[in-house]
Amino acid sequence: PTKSTGIDGIKPKFLKDGTEVIKGTITHIVNLSIETGTVPEELKSAIVKPLYKKNSRLEVGNYRPVSLLCIVSKILERAVFVQVQKYLNDNNILYEFQSGFRKSYSTDTCLINLMDHIRMLVSKGKYVGMVLLDLQKAFDTVDHEILCKKLEGMGIDFTEWFKSYLGVGNK
Numbered sequence: 001p002t003k004s005t006g007i008d009g010i011k012p013k014f015l016k017d018g019t020e021v022i023k024g025t026i027t028h029i030v031n032l033s034i035e036t037g038t039v040p041e042e043l044k045s046a047i048v049k050p051l052y053k054k055n056s057r058l059e060v061g062n063y064r065p066v067s068l069l070c071i072v073s074k075i076l077e078r079a080v081f082v083q084v085q086k087y088l089n090d091n092n093i094l095y096e097f098q099s100g101f102r103k104s105y106s107t108d109t110c111l112i113n114l115m116d117h118i119r120m121l122v123s124k125g126k127y128v129g130m131v132l133l134d135l136q137k138a139f140d141t142v143d144h145e146i147l148c149k150k151l152e153g154m155g156i157d158f159t160e161w162f163k164s165y166l167g168v169g170n171k
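Quick note, the sequence shown lines up with residues 1 to 171 if you use the UniProt record's numbering.
Careful: at least some of the hints might be erroneous.
[Said to hold, decoys possible] Keeping only pairs whose Cα atoms sit at most 25 angstroms apart, straight-line, the calculated BS3-like set for lysine-lysine is: (1) Lys150 - Lys44; (2) Lys16 - Lys3; (3) Lys137 - Lys149.
[What the hints assert, rightly or not] Listed next, with one range per pair, are the computed distances between beta-carbon atoms: (4) Asp17 - Lys44: 22 to 28 angstroms; (5) Ser106 - Gln136: 18 to 24 angstroms; (6) Thr36 - Asp134: 35 to 41 angstroms; (7) Val128 - Thr36: 46 to 52 angstroms; (8) Asn55 - Glu20: 43 to 49 angstroms; (9) Asn31 - Val142: 25 to 31 angstroms; (10) Ile118 - Glu41: 47 to 53 angstroms; (11) Glu145 - Ile7: 23 to 29 angstroms; (12) Lys49 - Val142: 19 to 25 angstroms; (13) Asp116 - Lys53: 28 to 34 angstroms; (14) Asp116 - Glu145: 34 to 40 angstroms; (15) Gly125 - Gly37: 51 to 57 angstroms; (16) Lys13 - Glu77: 16 to 22 angstroms.
Because the hints were derived from the structure by calculation, they are not lab data.
Predicted, not measured: the structure shown is a model, and the values here were computed from it.
Glycine residues also receive a C-beta, built at the ideal position from the N, C-alpha and C atoms.
Modelling step: build the complete structure from the supplied sequences, incorporating the hints.
Have a look at this one:
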């Protein structure tokens, strides 16, 4: 977890200093959440703060919201991320050159793979064209119900957890 404190006000340093005392309780909460497929409402609450991106600090559009979660939420998210990533890697579900959110991959490796592919095609006398899109607020446009159905289709066995976390089905 980062140095920022969430709604609980607990600093990550406190957690590190008290690891032996508190790790059993946190492990129990994380395991119970994953096993039951539910995320307690308290763990979904966050402090939302604006984070400056670029250009004029006077324009609202030059900031993005950052949610500061409580420490247990951060640990829970990380535990789920690690399990999903392991499942996707073990079952070769990700595209070979998927670079985002993968260990040992970056925008640099993505660009290197792209340039290698272009060079290979050009050396074979092929024409190469490319269309690049930058979608504003792309994450905000993801339909959570469709996302959960895709996860189910991939065989991810704790889709109920994602539904609870994302509020799918709650109106």
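Cross-check of the supplied hints:
1. Lys150 - Lys44: The hint holds at about 23 angstroms.
2. Lys16 - Lys3: 11 angstroms, holds
3. Lys137 - Lys149: At roughly 22 angstroms apart (the allowed maximum being 25 angstroms), Lys149 and Lys137 satisfy the hint.
4. Asp17 - Lys44: 22 to 28 angstroms: 26 angstroms, holds
5. Ser106 - Gln136: 18 to 24 angstroms: Cβ of Ser106 to Cβ of Gln136: about 23 angstroms, so the range 18 to 24 angstroms holds.
6. Thr36 - Asp134: 35 to 41 angstroms: At roughly 39 angstroms between Cβ atoms, Asp134 and Thr36 fall inside 35 to 41 angstroms, so the hint holds.
7. Val128 - Thr36: 46 to 52 angstroms: Since the Cβ atoms of Val128 and Thr36 sit about 50 angstroms apart, the hinted range of 46 to 52 angstroms holds.
8. Asn55 - Glu20: 43 to 49 angstroms: 47 angstroms, holds
9. Asn31 - Val142: 25 to 31 angstroms: Check passed, 27 angstroms falls within 25 to 31 angstroms.
10. Ile118 - Glu41: 47 to 53 angstroms: 49 angstroms, holds
11. Glu145 - Ile7: 23 to 29 angstroms: 27 angstroms, holds
12. Lys49 - Val142: 19 to 25 angstroms: 22 angstroms, holds
13. Asp116 - Lys53: 28 to 34 angstroms: Holds, at about 31 angstroms.
14. Asp116 - Glu145: 34 to 40 angstroms: Since Asp116 and Glu145 have Cβ atoms about 38 angstroms apart, the given range 34 to 40 angstroms holds.
15. Gly125 - Gly37: 51 to 57 angstroms: 54 angstroms, holds
16. Lys13 - Glu77: 16 to 22 angstroms: 19 angstroms, holds
The structure is consistent with each of the numbered hints, conforming to all of them.
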